[in-house]
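What follows is the residue order along each chain.
Protein chains: 2
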Amino acid sequence: MAKDKQFVTEITPQQEDFSRWYIDVIKKAELMDYSPVRGCIVFRPDGYELWENIQRDLDRRFKETGHRNAYFPLLIPESFFQKEKEHVEGFNPELPWVTEAAGDILEERLAIRPTSETMFGHMYSKWIQSYRDLPLLINQWANVIRWEKRTLPFLRTSEFLWQEGHTAHETEEEARAETMQMLDIYTDFCETMLAMPVIKGQKTPSERFAGAVDTYSIEAMMKDGRALQAGTSHYLGTKFATAFDIKYLDRENNLQYAHTTSWGVTTRLIGAVIMVHGDDRGLVLPPKIAPLQVVMIPIGPAKTREQVIGRVDELYKELKQAGIKVKVDDRADVSPGWKFNEYEMRGIPIRLELGPRDMENGQVVLVSRVTGEKRMVQQDNLLAEIDQLLNEIHDEMLERAKQFIVDNSNVVDTLDEMKQLFEQKRGFVEAGWCGSAACEAQVKEETGATSRNIPFEPSVHKETCLVCDEAAKHTVVFARAY
Amino acid sequence: MAKDKQFVTEITPQQEDFSRWYIDVIKKAELMDYSPVRGCIVFRPDGYELWENIQRDLDRRFKETGHRNAYFPLLIPESFFQKEKEHVEGFNPELPWVTEAAGDILEERLAIRPTSETMFGHMYSKWIQSYRDLPLLINQWANVIRWEKRTLPFLRTSEFLWQEGHTAHETEEEARAETMQMLDIYTDFCETMLAMPVIKGQKTPSERFAGAVDTYSIEAMMKDGRALQAGTSHYLGTKFATAFDIKYLDRENNLQYAHTTSWGVTTRLIGAVIMVHGDDRGLVLPPKIAPLQVVMIPIGPAKTREQVIGRVDELYKELKQAGIKVKVDDRADVSPGWKFNEYEMRGIPIRLELGPRDMENGQVVLVSRVTGEKRMVQQDNLLAEIDQLLNEIHDEMLERAKQFIVDNSNVVDTLDEMKQLFEQKRGFVEAGWCGSAACEAQVKEETGATSRNIPFEPSVHKETCLVCDEAAKHTVVFARAY
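Protein sequence lines correspond, in order, to chains A and B. Everything in the first sequence is counted per the UniProt record's numbering, starting at 1 for the first residue and increasing by one. Everything in the second sequence is counted per the UniProt record's numbering, starting at 1 for the first residue and increasing by one.
In case anyone wonders, no lab produced these hints; they're calculated from the structure. Some hints could be false.
Residues on chain A that point at chain B, a partial pick, calculated with CB under 7 Å [unchecked claim]: (1) R44; (2) P45; (3) G66; (4) A70; (5) V98; (6) W147.
In silico lysine-lysine, DSSO-like type, Cα no more than 30 Å apart, as pairs [claimed, not checked]: (7) K325/A to K325/B; (8) K63/B to K339/A; (9) K63/A to K27/B; (10) K320/B to K63/A; (11) K83/A to K473/B; (12) K444/B to K28/B; (13) K223/A to K63/A; (14) K247/A to K83/A; (15) K327/A to K247/B; (16) K320/A to K320/B; (17) K27/A to K462/A; (18) K63/A to K85/B; (19) K247/A to K28/B; (20) K223/B to K27/A; (21) K473/B to K85/B; (22) K247/B to K223/B; (23) K288/B to K288/A; (24) K288/B to K63/A; (25) K149/B to K126/A; (26) K27/A to K247/B; (27) K327/B to K126/A; (28) K444/B to K85/B; (29) K325/A to K149/B; (30) K200/A to K288/A; (31) K320/A to K425/B; (32) K28/B to K126/A; (33) K149/A to K223/B; (34) K85/B to K327/A; (35) K63/A to K325/B; (36) K247/B to K339/A; (37) K247/A to K27/B; (38) K327/B to K63/A; (39) K339/B to K28/B; (40) K339/A to K223/A.
Just so you know, these numbers come straight off a predicted model, no measurement behind them. Idealized CB from N, CA, C, for every residue including glycine.
Isolated chain A, as found in the complex:
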C-alpha cells in the first residue's frame, strides 16, 4: 500500500500548481517527451494515438462535406510572404529560415511554413480559371513551425501538427457559409468526440488571423479557468485572391476575384482534452478518442489465477472482436492496487475486474474512471454493458465540463469589477464593449485577460462598454488564455 500511495503523490495536485499537474501527468502517462530541439516535443504512441483518433473523425467529416486532401510543400519562398501585408507582419517574427542546402547558399531564403495560405494562393491562381473550377475545397494534414518564445507541450510548441483547410468560392455568401460550416463541424466534433463544450463566436479585429476579414473561434475552458482557443475558421474575403491573383470567369464572362476561407485545428486539442477532463489522479480520457477504452484486471489468489485468466481472455476476445479497444494486464509481479492506480492515472475509461467469486456468479465488476462508480454486470451481457457505460462516461464528462463553464463564468459591468473578479478566481467574464481597440487593450493591460470572442449566444446583452461606459456594440467573453 505504501507503494500505491507513493504512486499517486507523484502527481502535483491541480489546486497546488495546475501547470505542474499538467506536466506531471503528460510525462507520467507517456504522452510526450521533450526533444533536443528547442520548443519541439516528441509525440509518444499514447499521445500520438489521441491525434490519430481526432484525425480520423475530422477527416471523415471534411470528406462528407465535399473536401479532399492534398499535400503542398513545407518550404515557402520569402517573396510569398511579402505579397499580403498583414500576413507577413503577423508571421515574420516566428519564421525559421532555410538559407543553405546541399552545400550551397540559397538565392532566396525559404521559410518553413507557419501556415500555407500563400502556397495555396499561388497554386489556386493556376488551377482556377472559371466558375466551373469553383468551389475548390482542399484540406491538408501537415506539420508547421512557429518559433515560439514560451512553449508548453501540446498547447504551444514550435513544431506542431494540424489540418488547414483552404477553399475558394464564387461569392462572399458561399465563402461565409463555408466558414460557418467548418466552425460548426469543429463545435460538434469537440462535443461529440472530446466531450468538450466550447463557446462559438467571432474574434475582435485585434485578435483576427493575420490577413483575414473575419475570424471565428471556438473557446474551451481549462480546469484552471483559463481559456484555450480550440479551433479557428477565417473568411479571407478577396485579400489573398488579390495578393495571389486568384481570378475566375464568372457566369456572365466577367473576371472576378475568388472569395477564400481557411480553417484549422491543431495538436493543441490533445492538451485541451487533458486540461478539461483531468483530475488529481491523472488523465481522464474521452471514450471516443481513448487509445484504450477498457483495461481488464484479473484478481484473486494464486490458486485460482489460471482459471480466472482463462475467463478474462475469453471475454477479451469477445470485446476485441466487437471493436472495443481493450487490453488485459495479467502481470503477476504487480499488485491489483498498483494497476488500478496506473490505469486511473492513464485515464482509461473503464476498469474491468474479475475474481474467483465473480467467476462463480458469472459477473464482472466495471469501474468508471470519471465517477468511480462500481457496477456489477453479467458476463453474458458484457458487450452491451460496456457500450452503455462508455456512452454514460462520455455524457457525464460533457455534462461536468458544461457545468464547470457555468460555475466559472461571470458577467461584469465595469473594468474594476473585472479586476476584482480576476484577483479571486479565473474563468470567463462577459462584458459590454464599445468596439474600440483602445478599450480592449486596456482590459488586457489591467487584468491580463484578452477578448476571447464575441459569442454568438451571449448569456446577456450588455448595454455599455466596461471601460469607457459608452454604448456597447457587442458583449464579449474575456479570459486569461493559453
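Could you slot chain B onto chain A? The hints should help.
Frame of chain A, contents of chain B only:
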C-alpha cells in the same frame, strides 16, 4: 470526334519517349503540379488519395504486427549527424539547413530530417533501460527532405512523404527477424494492393543505407525496363545503439547494446504504380487504391436522358452504399466518347454505360480499363459483377506485370554480353559476381546499370563473376534504375 482524337494524342506514346509519357500523364490526370520550390511538387487530390489508400493499408499491417505510430521533430541538430560516421557521409550532401529563426542566428544549425535514425536513437536511449522495454516498435508517417540535384515527380523529389519504422530489440536474431518481416509485408502489400510484383533481395555493400549492417530491398520493373527500388528494410546492428548509447539491462543483469532496425516506403510508390501499369491511353490504376473504381456514364438520346439518369442514380446509391468508390458523370455538354477517353486517361478500373436499350433489358455494360473487354451484366446482380470484375482486373494487372518482368529479364556470363544487351533493350540482368566493389563499379561505369540486389530467389546460380571471371559469391540483379 476530332476533339476525341486530339485528346488522346496529347499523351506522348511510351515507345516514343517514356519520360515524356510519364509527365504528360501525371499532369493531365491532375495527380500533381510543379511548385515554386525547386524539386518540390504539390500532391493534388487524385495523387494524394493514392497515398492515403496506400497509407491506410500499410498502417493496418504495421499495427497488426505490434507497431505503434509516434511523431518526432522535423529538425535535427547538426551534432546528431556527426555521431554515426557513415550516416553523416551518406546524408550531408543532401541536407537543407535552418540557420536563422525568429530573427536570431541559431547557435547550432538544424537540418531538416532526411530520415530520423538519429532522433529516434537519441530518444530510444532515454526510453530503453531494461529488456522489459524491448522490443520497442515505433513507426512514423512524415515528410522528409533530401535536396536532390535531378528530380522527377513522385519518384525523386526534394521533399517527399514516407513512413519510417524504427525498432529496437534484445538480440540480433530478433532484429533480423523484424527486418525480414517488414520486407515481407512490403512485398505482400505491393502484390495484393498495387498489383506490382517485386524482386526481394539483399543490397550489396556499396548500395547499403548509410549506417546499416545489411540493407534489403524490393525492386520493381517499370514499363521502360528500368528498375525502381520500391522499399527498403535495414538491419542496423548495434551501430546506432553504440552511437546514441541505447543500452539495456538484459535478463542476466548485464548492460547490452540494443539491436536496431529501420524500414520505409515513400510516395515514390505512386510513381511506381503509374510506370508499372500505365499505357498509351493514360493511367491504369490498381482497383484497390484507385480513388475512383467505377465511373457511371448515362448514354443515349435527349428524350430518354432523364429516365436513364434516374436509373443510373439508383444503381449509384446501391454501389456507394456497398462501399464501392463510384461517381456518375451526367454532364450534358460533353459527349460520351470524350468521357470514355477522359476516364481511360485517368485510369478508372471500370466504366459503366447505361442507355435506353439497357434500361429495357435490365442490363448495363461494364468496360474493363485494363483489357478493354465489354461485359453485359444484369442490373439486379450488379454489385457482385462489379466486385468480380474489380478482382479480375487486379489479377490481370498483376499477371501482366509479372509477365513483363519475365519478358524483360536476362542472364549473362560476361560484361560484354551485358553491354550488348543494354544497347538493345532495358530490363533486369542476372549475372555472377565475385563480391568485389571494383567489379561492381566497373559494371556501372561501362553499362550504366547498378546492382539492384542479390535476389533471395535468383532464376539461376551463376558460377563466375561477369567482370573478373573469378568464382562468383552471389548471383546479382543488375539494371538501370530510377
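Structure-based check of each hint:
1. R44: Hint holds; R44/A Cβ to chain B Cβ min 6 Å, cut 7 Å.
2. P45: With a closest approach of 4 Å, the P45/A hint holds.
3. G66: violated, 11 Å
4. A70: holds, 5 Å
5. V98: holds, 5 Å
6. W147: holds, 4 Å
7. K325/A to K325/B: holds, 28 Å
8. K63/B to K339/A: Distance of about 25 Å is within 30 Å: holds.
9. K63/A to K27/B: holds, 24 Å
10. K320/B to K63/A: Holds, at roughly 14 Å.
11. K83/A to K473/B: At roughly 61 Å apart (the allowed maximum being 30 Å), K473/B and K83/A break the hint.
12. K444/B to K28/B: violated, 35 Å
13. K223/A to K63/A: violated, 33 Å
14. K247/A to K83/A: holds, 16 Å
15. K327/A to K247/B: At roughly 28 Å apart (the allowed maximum being 30 Å), K247/B and K327/A satisfy the hint.
16. K320/A to K320/B: holds, 28 Å
17. K27/A to K462/A: violated, 43 Å
18. K63/A to K85/B: Status violated; Cα separation ~46 Å.
19. K247/A to K28/B: Given pair K247/A, K28/B holds - Cα atoms ~22 Å apart, limit 30 Å.
20. K223/B to K27/A: Violated: K223/B and K27/A sit about 51 Å apart, past 30 Å.
21. K473/B to K85/B: With Cα atoms ~28 Å apart, K473/B and K85/B stay inside 30 Å; holds.
22. K247/B to K223/B: Not satisfied, since the Cα-Cα distance of roughly 47 Å exceeds 30 Å.
23. K288/B to K288/A: holds, 29 Å
24. K288/B to K63/A: holds, 19 Å
25. K149/B to K126/A: At roughly 26 Å apart (the allowed maximum being 30 Å), K126/A and K149/B satisfy the hint.
26. K27/A to K247/B: holds, 22 Å
27. K327/B to K126/A: Given that 30 Å is the threshold and the Cα spacing comes to 26 Å, the pair holds.
28. K444/B to K85/B: holds, 26 Å
29. K325/A to K149/B: violated, 47 Å
30. K200/A to K288/A: holds, 22 Å
31. K320/A to K425/B: violated, 54 Å
32. K28/B to K126/A: Between K28/B and K126/A the Cα gap is close to 14 Å, so the pair holds against 30 Å.
33. K149/A to K223/B: violated, 52 Å
34. K85/B to K327/A: The given pair, whose Cα atoms are some 42 Å apart, is violated under the 30 Å limit.
35. K63/A to K325/B: holds, 13 Å
36. K247/B to K339/A: Distance of about 27 Å is within 30 Å: holds.
37. K247/A to K27/B: Answer holds: K247/A to K27/B is near 22 Å, not above 30 Å.
38. K327/B to K63/A: holds, 15 Å
39. K339/B to K28/B: holds, 14 Å
40. K339/A to K223/A: Distance ~26 Å between K339/A and K223/A Cα, so the pair holds.
Going down the numbered hints, you'll see the structure goes against 3, 11, 12, 13, 17, 18, 20, 22, 29, 31, 33, 34, while the others check out.
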